[in-house]
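*Asks:* The residues making up each chain are set out below.
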Amino acid sequence: MSRAAEGAARVRLASARELGLVSCQVCALVSRAAPAGAASNCPRCGAGLHARRPASLARTWAFLVAAAILYVPANVLPIMESSSLFGAQRDTILSGIAFLWDSGSWLLAALVFFASVMVPLLKMLSLGLLAATAQLGYARRRHQRARLYRMVEFIGRWSMLDIYVVTMLVALVQLGVFASVTAEAGAAAFGAVVVLTMFAAMAFDPRLTWDAASERHG
Amino acid sequence: MTARPLIACRHCDLLQREVPLPAGGVARCRRCDAELYRSHPYSVERTLALTLAAAVLFAIANSFPIVGLEVQGVHNASTLVGAVRSLWDQDRVLVASLVFATTLLFPTLELAAMTYLLAPLRGGRVAPGVPQLLRLLQALKPWGMVEVFMLGVLVSLVKLAHLARVEPGVSLWAFGGVMLLLAAAAASFDAREVWARVGVAR
Chain P
1 MSRAAEGAAR
11 VRLASARELG
21 LVSCQVCALV
31 SRAAPAGAAS
41 NCPRCGAGLH
51 ARRPASLART
61 WAFLVAAAIL
71 YVPANVLPIM
81 ESSSLFGAQR
91 DTILSGIAFL
101 WDSGSWLLAA
111 LVFFASVMVP
121 LLKMLSLGLL
131 AATAQLGYAR
141 RRHQRARLYR
151 MVEFIGRWSM
161 LDIYVVTMLV
171 ALVQLGVFAS
181 VTAEAGAAAF
191 GAVVVLTMFA
201 AMAFDPRLTW
211 DAASERHG
Chain D
1001 MTARPLIACR
1011 HCDLLQREVP
1021 LPAGGVARCR
1031 RCDAELYRSH
1041 PYSVERTLAL
1051 TLAAAVLFAI
1061 ANSFPIVGLE
1071 VQGVHNASTL
1081 VGAVRSLWDQ
1091 DRVLVASLVF
1101 ATTLLFPTLE
1111 LAAMTYLLAP
1121 LRGGRVAPGV
1131 PQLLRLLQAL
1141 KPWGMVEVFM
1151 LGVLVSLVKL
1161 AHLARVEPGV
1171 SLWAFGGVML
1181 LLAAAAASFD
1191 AREVWARVGV
1201 AR
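Going line by line, the protein sequences match chains P and D. Mapping of the first sequence onto this note's numbering: residues 1 to 218, in sequence order. Mapping of the second sequence onto this note's numbering: residues 1001 to 1202, in sequence order.
Hints are computed from structural coordinates only; laboratory data are not their basis. Keep in mind the model is a prediction, meaning the values are calculated, not measured. There could be a bad hint or two in this list.
Cβ pair distances, simulated, as ranges [claimed, not checked]:
(1) P:Phe86 with D:Arg1165: 13 to 21 Å
(2) P:Phe114 with D:Ala1003: 41 to 49 Å
(3) D:Gly1177 with P:Ser103: 26 to 34 Å
(4) D:Thr1108 with P:Ala36: 41 to 49 Å
(5) P:Ser103 with D:Ala1196: 48 to 56 Å
(6) D:Ile1060 with P:Ala55: 42 to 50 Å
(7) D:Leu1021 with P:Pro54: 29 to 37 Å
(8) P:Gly87 with D:Gly1177: 34 to 42 Å
(9) D:Ala1049 with P:Ser103: 39 to 47 Å
(10) P:Leu136 with D:Ala1049: 35 to 43 Å
(11) D:Glu1070 with P:His143: 50 to 58 Å
(12) D:Arg1165 with P:Trp101: 17 to 25 Å
All C-beta atoms in this analysis are idealised placements derived from N, C-alpha and C, irrespective of residue type, glycine included.
Work out the full structure: start from the sequences and follow the hints.
*Replies:* If you want it as structure tokens, here you go:
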């Protein structure tokens, strides 16, 4: 082992907070933390400084609960109605996927199913799991939990897919008596679910995952 | 040994010292493996060039219909603004606002802010209000969804191809270009470097 590596191995890993420092969430400058309870601002960019996002867990849970409630109408209510000479048909997210599947576009059906059904569901479950484990001070599988959060953060926006599909169909299929498409209430609920889960991911502070061990058990 | 600047990992708050990187190198947190920062050669010039190119294509993308549709002689085509208006006219105010914000407003703001920020920086000057703009850019970043919109357009094309003749427009290709250029601009933008210059200018 080289001298440098030996030195590194002896250094205890410490978070900025444990050392009385705080990292700016906007410009990443590390500065000395203000005494507990006092508000302070970043000396470089002026953003408010917080060792951890304020009320992170409470806000994460609030957004998650709201998203979970709206997930029901988002899937049960129709997101659009198509009418043509042959009659009218109301489509939910799932029946839209079934249509793609039946018409032979399996790959696309799988893609939309993943983006519209699986991603919001997995995202809510993952964030719930992350928030619960952080709250309980659970110290195991932190590397996996860190990776899970980064995945949730990255993938969440792709759920917006169906909103854009409805938008384009509504815009294009305005052919008088032949065919027309209107957006229905389910689309609004679905859009709200996507936005709320994105807010939930932003409210959750991934650093809480790593605090648990050193500050509650050791 | 001179003290190198401190950096705390955004994802786990581990305090570490910055190390100089080779061109194209990436520094990762030694505890949680999240990316700390990466080297961006010629960041200002590259990002500005990509941003300006994206702005030109974005203007084209919004001036022409994305897709046209024809059924039995009846023809219809729509631009992105037209699509937002259709939703609005159907009283889907929430959905219309969401689409407007994520595909038009936020990308426009992002392109404008980047140009305002980077153009003076080439000459070594820091434009007034840069800290606020960088904050705005950071907040907007997750909400610009041009690439998701592109995928949505493709899915709707496949759905419509079963019912009618679809004609992809100029704007569809332009949007594809915008998507790639925005991704490249985001990848070459170095907020750390800009912050370092703001710090010096003060």
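*Asks:* Next, verify each hint and record whether it holds.
*Replies:* Against the structure, the hints:
1. The beta-carbon spacing between Phe86 (chain P) and Arg1165 (chain D), approximately 19 Å, falls within the hinted interval of 13 to 21 Å.
2. For Phe114 (chain P) paired with Ala1003 (chain D), a C-beta distance near 48 Å keeps the hint of 41 to 49 Å intact.
3. Take Gly1177 (chain D) and Ser103 (chain P): their Cβ atoms lie about 30 Å apart, and the range 26 to 34 Å holds.
4. A hinted range of 41 to 49 Å for the beta carbons of Thr1108 (chain D) and Ala36 (chain P) is consistent with their spacing of about 42 Å.
5. Taking 48 to 56 Å as the suggested C-beta distance range, the pair Ser103 (chain P) and Ala1196 (chain D) conforms, at roughly 54 Å.
6. Distance hint check for Ile1060 (chain D) and Ala55 (chain P): the Cβ-Cβ separation is about 45 Å, which falls inside the suggested range of 42 to 50 Å.
7. Checked against the hint of 29 to 37 Å, the pair Leu1021 (chain D) and Pro54 (chain P) passes, with Cβ atoms roughly 33 Å apart.
8. At roughly 41 Å, the beta-carbon separation of Gly87 (chain P) and Gly1177 (chain D) lies within the given 34 to 42 Å, and the hint holds.
9. Between Ala1049 (chain D) and Ser103 (chain P), the C-beta spacing of about 43 Å keeps the proposed range 39 to 47 Å intact.
10. For Leu136 (chain P) and Ala1049 (chain D), the hinted distance range of 35 to 43 Å is not satisfied, since their beta carbons lie about 50 Å from each other.
11. At roughly 54 Å, the beta-carbon separation of Glu1070 (chain D) and His143 (chain P) lies within the given 50 to 58 Å, and the hint holds.
12. Arg1165 (chain D) and Trp101 (chain P) have their C-beta atoms about 23 Å apart, which keeps the hinted 17 to 25 Å range intact.
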